[in-house]
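*Asks:* Each chain is listed here by its residues.
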Amino acid sequence: MMQFAGDHPALPSALGALGVLLVGAPLVPGVAARTRALLTGRRGPPAWQLYADLAKLLRKGAVYSTTTTWAFRLAPLAVVVTTVMACLLLPVDGRSALVSFTGDVVAFAYLLGLGRFLLVLGALDTGSSFEGMGASREVTFASLVEPGLFVVLVALGIATQRLSLTGMFGAELWREWSLVAPSVILLAASLFVLMLAECSRVPVDDPATHLELTMIHEVMVLDHSGPDFALILYANALKLGVFATLVLDLLVPRAELAAWASAATLVAGLVACGAAVGVVESTMARLRLPKVPLFIAGGTALGLFGLILLLQ
Amino acid sequence: MESLGQLVLFLVVFTDFAVLGSSRLSACIRAVALQGLLLGLLPPILYGSSSVHAWTLAAGTIVVKAIALPAFLRWAIREASVRREVEPLIGYMASLLLGVAALAASFAVANVLPVIGGGAGLLIPAALVTVIIGLIVLITRAKALTQVVGYLMLENGIYLFGLTQLERVPFLVEVGVLLDVFVGVFIMGIVVFHINREFDSISAARLTELRE
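One line per chain: the protein sequences are C and L, in this order.
To convert, count from 1 in the first sequence and add 7; that's this note's numbering.
To convert, count from 1 in the second sequence and add 19; that's this note's numbering.
Fair warning: there could be bad hints in the mix.
What the hints assert, rightly or not - From the derived model, a few chain L residues whose C-beta atoms are all more than 12 Å from chain C:
1) Leu39
2) Val71
3) Arg103
4) Asn130
5) Tyr170
Said to hold, decoys possible - Now the stretches of chain C that chain L is said to cover, found in silico as 3 or more residues with beta-carbon under 8 Å:
6) 225–239
7) 310–318
If you're looking for bench data, these hints aren't it; they were derived computationally from the structure.
Being a predicted model, the structure only gives us computed values, none of them experimental.
Built from N, CA and C at the ideal position, the CB exists for glycine as well.
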């Protein structure tokens, strides 16, 4: 059965939460950077730095290389649009998503995948071998994250007997939560590890690095400038927000809360997730490239452990 | 108490995977020490804090498995100046996947295993997976010292299995398990020490080349 916004049971709450996520997402990397700075004894930029960066970039003009084609110009828009579409499938308010249908988990995973694919196309379109290298690394790690993500989704599907994100992460999860708590906590931990890899955070990639040999995600977007770059930064922050919301949905019951309380919890969750990312970033060194698959496999192993516990 | 026991058993399984996934010898030893500590906490949690027997067992386990043996292993590293890296014969990735397969297998087997008294929830699967991962470490790591770690994990798994029968099996048997580990590691430690002195290497692969 397909459900759209029009006949949604709690439209204001879902819309409000989605708005909070769309507006609040740039806070997550900001809080992460701030936490990292505080823990390493520096003052650091304010948590809302990314908003200022986005505002600055949006005022600038974009420069396009003459070798690039429409694919290059499409990439930033496409990555934002696919990520926002993925948000629509997500039960952001902890209850139900704006759009949900059976099997939307696959749509969710591949909307994120489509965004990345178009971004990679844009990177390859520049004709720079350096960007090609970054794209190749990014895709390698993404192909390792994907099985992990599906392990988590399959496990949640088994736990809730549902095949939509609303069923797996929304109100219905909480009816059976106490029965499956150990494995859901494992799945949340697995999602957190996958988030670090998917959103190019520290043990896998370093968003702050500008050393050519170590850049992964930053390489791909090197040629984008001005508003285009702002869109890419925003999409990456939003993806972090999406994963933070998924983790929050697994750990905090929000189905019974009022709309404002649910939104407040969401903001708190985003900030907490940013802080957690910051703690990881300041306590862990970046992994050597060959070690990254092991890290992602470790995250997947957590998910598999959760799955095995459910099947018991 | 029930859920606390399950949590501890969870952490035991995590330490198994920590040993499988870590490339530093000291990290392996730390994980095994933590596992020893967790095993020590289990008897009072599973069998009630009023039982003197459980507390004695806990104290003994913690002293031997969490303090003495790791200290002894660290001493062996220092004395024999072992290189700090684990030298796996198969990759860490393959080790982790084997570990997950072992986990799946132990849960599958635990469901059909007729154990007298049962044992709560995770106890039997955790015991089986610790034994199997101990075996994996024992088989797939080249260094004698990492093999001692694997042997220790194997013993830890057997100890966990013993916990299901704590009320039936006399205290002496449990002490026997502890002593067994202690003696085993002691002997292996001496062997490690000598191998390193004699051949400048403690890789077990070299042992196949020994001739009379």
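*Asks:* Which of the numbered hints above does this structure break?
*Replies:* Those not satisfied are hints 1, 4 and 6.
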